[in-house]
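One-letter residues, chain by chain:
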Amino acid sequence: MPRLQSLEDLEARRAACVGARDPAKPCLALCAGSGCTASGAPEVLEALRESLKRAGLEETVELKSTGCHGFCEKGPVMLTWPEGTFYNQVAARDAKEIVASVSNGRRPVERLLYRDPTSGERVQREEDVPFYRFQQRVLFGNNGRIDPKNIDDYLGVGGYAALGKALTGSTPEQVVDWVKRAGLRGRGGAGFPTGKKWEVMRAQPATPKYLICNADEGDPGAFMDRSLLEGNPHSVIEGMIIGAFALGAREGYIYVRAEYPLAVEHFRVALAQAEECGLLGESILGSGLDFRIRLVQGAGAFVCGEETALIASIEGHVGEPLPRPPFPAQKGLWGKPTVINNVKTWASVPVIVNRGPEWYAAIGTTGSKGTMVFSLVGKINNTGLVEVPMGITLREMIYKIGGGIPNGRALKAVQIGGPSGGCIPASLIDLPIDYEALTEAGSMMGSGGMVVMDETNCMVDVARYFMEFLEEESCGKCFPCRKGTQRMREILTRISQGQGAEDDLKLLEDLGWMVRETSLCGLGQTAPNPVLTTLRYFRDEYLAHVRERRCPAKVCKQLITYSIEPTLCDGCHACVHVCTTEAILGEKKAAHTIDAAKCIKCGACLEVCQPKAVLVT
Amino acid sequence: MGETPNLQELLRDWPDRPDSLIPVLQEIQDQFHYLPEPALREVAGHLRVPLSEVFHVATFYNCFSLEPVGRHLVQVCLGTACHVRGAPRVLDRLLRDLRLGTPGTTADFEFTLRTVRCMGCCGLAPVARVDANTYPHLTQAKVPGLLKKYRRKEQAQAAD
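Each protein sequence line maps, in turn, to chains A and B. Okay, so the first sequence: first residue is 2 according to the working numbering, each after it adds one. Okay, so the second sequence: first residue is 4 according to the working numbering, each after it adds one.
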């Protein structure tokens, strides 16, 4: 692969990539992201390859494994090009039929098309599937089209054009100005204006300057950074190179969670390809810009998502945050000016350069511009990754895109922003999702985790869950966070065990306020959010636990008992077979009973009982 | 287990700078599935980092273990999406079936059970990973079959 020495070289290479492809050539693009891989994509890929070979279509049909398409719930999913037909829940045994349909006039395989749950009708094209129809996929749109391990695919969809534009047609100040005018805000959580951060960095006389891509996506329930790195790593690299040009950096780092092996692998491949093409290294595209990126793997500490802790971790130390100021843009890695941005922030940069700041700023609300990527998960029919314009309402997210709550249950709350965020109640369903509105509601944008909960989820349990997580992940450096999270977890555990008192609620609020105001870093400052928001919106549920020793959602084990309603039990014995403690008594075909002394409340009987005779009270 | 690791080759690639510490420990963890004490001493010497600092780092980060692990590593995801979709029940069942009170290693060293916070497969919750394989949409009823798969393989190999 020859090095690209100039913009002309880049464009010639792109033209060659585009020219080598016949747009009419059929292509099967199978999602091979982490989700679909777990659902069996590797077997499907192998079967498709085998079927193409048998049909003698290896040369005439392209087979591609791509990154995440977003619709994990229906995985493995695939697209067939050029029609854009969307198949879901594909299995290896379907391969033959899919290949046959490609060769015989392209009649789609009807039974693999998405079935609209409301109309019952099959939908052929991806863009007509409701899950995709209401999205605006600015960052994720190419995931279903390109092979992330092939730089030519990225070039073929216009990749690195923004880099060419920035390097040859603009000045660094102009690029910073575009990012500012676009209104881009940090996508990692706090939403700090990216252009402002860049200006602070540019004003520093110290050299060298460093760039870091924060891919330590630690929020449980969030996986958009993973999917972008897996599916379109070059978009992140391109954003970083443009950043290097704008900010005068020669060295960059990407800090990726080690829990994401596929993302690490794809990013490594992309880095090697970019280096080989001369898009990283010395005098990029002949511009005189030198820039390299090193990949560093995280070691499993949530606090390392905090920028100063992340820097400490790259330097080889434990991930303990430092007081700010000085901010990393002033004094960061190795004590030098450092800009840290999230994966999606970097990936937004080429979009802004390509389409212009005005185009970007026209998406979203007054204070929050562009699109935001959410992982829509939990008790929702269509789980997956969703990219939407800022300002969309929760109602649209949950019912239009998410397809509502499974099993006809009622929406109870949406937990947004991971452990730093809060629980938004169903009553605020018309809340527009942007930085300001979420903060107002006591939550925060966070990195975009959106966990939907229904009436069977207990809010005290959820608050306890987050506090347990934060207690474990608190680095322990500052006292308010270390002890505060521990005490809050103890109180919440007590309440969930039916041993709480009404005074505990006041104590939780006081503690929460104290931890928020006095902790050193963002982890502690936002740690009380799950507790404070559940107390604010679900006080009745807390009161039921402390006053009546009752868990209305029937989750807290110490507050529930299992029994069998004799009039409903048909004596099928299914529960007897799954009970591991022999707590269920009764002859076959006669109503069973549960021995409360032996019952460990594991819920196994409830899961298998067809006539729904197992009661939880 | 128990063997004195030969780290010469591994360490040769890394300059004696503090920022080599975490990647070096990660490589040792990958190779031995835990950090044996002699290895920590050797790393400290090679990188000229105090042993106390090496220990500090090795105990701070979740991905390092100072204890050897069993033949199969079972990781149960306790991320938020998994939690609200019933992961605690799956964990309880795994603990009971492996006869463990808390996550750890079974007496016969066949399994090590660990909890992790989010593998990023939230769309398929609840999930668990056994060695390199991820299992989506778990329920407690699926646990015995899952373990059996790995137990049987072990027995089959022993019979060969």
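These aren't lab readings, by the way, just hints derived from the structure by calculation. Backbone N, C-alpha and C fix where the C-beta goes; we use that ideal spot for every residue, glycine too. Any given hint could be a false lead.
[Unchecked claim] Estimated spans, in silico, between C-beta atoms of each pair:
#: 1; chain 1: B; residue 1: Pro-41; chain 2: A; residue 2: Thr-169; range: 52 to 58 Å
#: 2; chain 1: B; residue 1: Asn-9; chain 2: A; residue 2: Glu-518; range: 25 to 31 Å
#: 3; chain 1: B; residue 1: Pro-41; chain 2: A; residue 2: Lys-599; range: 47 to 53 Å
#: 4; chain 1: A; residue 1: Glu-283; chain 2: B; residue 2: Leu-69; range: 53 to 59 Å
#: 5; chain 1: A; residue 1: Glu-277; chain 2: B; residue 2: Asp-33; range: 24 to 30 Å
#: 6; chain 1: B; residue 1: His-140; chain 2: A; residue 2: Asp-23; range: 27 to 33 Å
#: 7; chain 1: B; residue 1: Gly-107; chain 2: A; residue 2: Arg-269; range: 31 to 37 Å
#: 8; chain 1: A; residue 1: Lys-599; chain 2: B; residue 2: Lys-145; range: 46 to 52 Å
#: 9; chain 1: B; residue 1: Gly-107; chain 2: A; residue 2: Leu-429; range: 48 to 54 Å
#: 10; chain 1: A; residue 1: Ala-16; chain 2: B; residue 2: Arg-20; range: 55 to 61 Å
#: 11; chain 1: A; residue 1: Lys-54; chain 2: B; residue 2: Leu-69; range: 26 to 32 Å
#: 12; chain 1: A; residue 1: Ala-273; chain 2: B; residue 2: Asn-9; range: 36 to 42 Å
#: 13; chain 1: B; residue 1: Gly-107; chain 2: A; residue 2: Lys-599; range: 33 to 39 Å
message: Tell me if the beta carbons of A:Glu-277 and B:Asp-33 are separated by a distance inside 24 to 30 Å.
response: Holds, since A:Glu-277 and B:Asp-33 (Cβ atoms, about 26 Å apart) stay within the stated range.
Outcome for the supplied range 27 to 33 Å, where the beta carbon pair is B:His-140 and A:Asp-23: With Cβ atoms ~40 Å apart, the hint is violated.
task: Evaluate the given range 46 to 52 Å for the C-beta pair formed by A:Lys-599 and B:Lys-145.
output: violated (23 Å)
- prompt: Has the hinted range 36 to 42 Å been met by the Cβ atoms of A:Ala-273 and B:Asn-9?
  reply: For B:Asn-9 against A:Ala-273, whose Cβ atoms are near 29 Å apart, the range 36 to 42 Å is violated.
- prompt: Between A:Glu-283 and B:Leu-69, does the beta-carbon spacing fit 53 to 59 Å?
  reply: Violated, at about 43 Å.
query: Between B:Pro-41 and A:Lys-599, does the C-beta distance stay in 47 to 53 Å?
result: Between B:Pro-41 and A:Lys-599, where Cβ atoms are some 48 Å apart, the hint holds.
Satisfaction of the hinted span 31 to 37 Å by the C-beta atoms belonging to B:Gly-107 and A:Arg-269: holds (33 Å)
field: Distance restraint hint 33 to 39 Å, applied to the beta-carbon atoms of B:Gly-107 and A:Lys-599
entry: violated (26 Å)
task: For the range 55 to 61 Å, tell me whether the beta carbons of A:Ala-16 and B:Arg-20 fit it or not.
output: With a Cβ separation near 44 Å, A:Ala-16 and B:Arg-20 fall outside 55 to 61 Å, so the hint is violated.
- prompt: Using the C-beta atoms of B:Asn-9 and A:Glu-518, is the stated range 25 to 31 Å upheld?
  reply: violated (52 Å)
- prompt: Does the Cβ pair B:Pro-41, A:Thr-169 satisfy 52 to 58 Å?
  reply: holds (56 Å)
message: I want to verify a distance hint. Is the separation of the beta carbons of B:Gly-107 and A:Leu-429 within 48 to 54 Å?
response: Roughly 42 Å apart at Cβ, these two residues miss the hinted range, so it is violated.
Going down the numbered hints, you'll see the structure goes against 2, 4, 6, 8, 9, 10, 11, 12 and 13, while the others check out.
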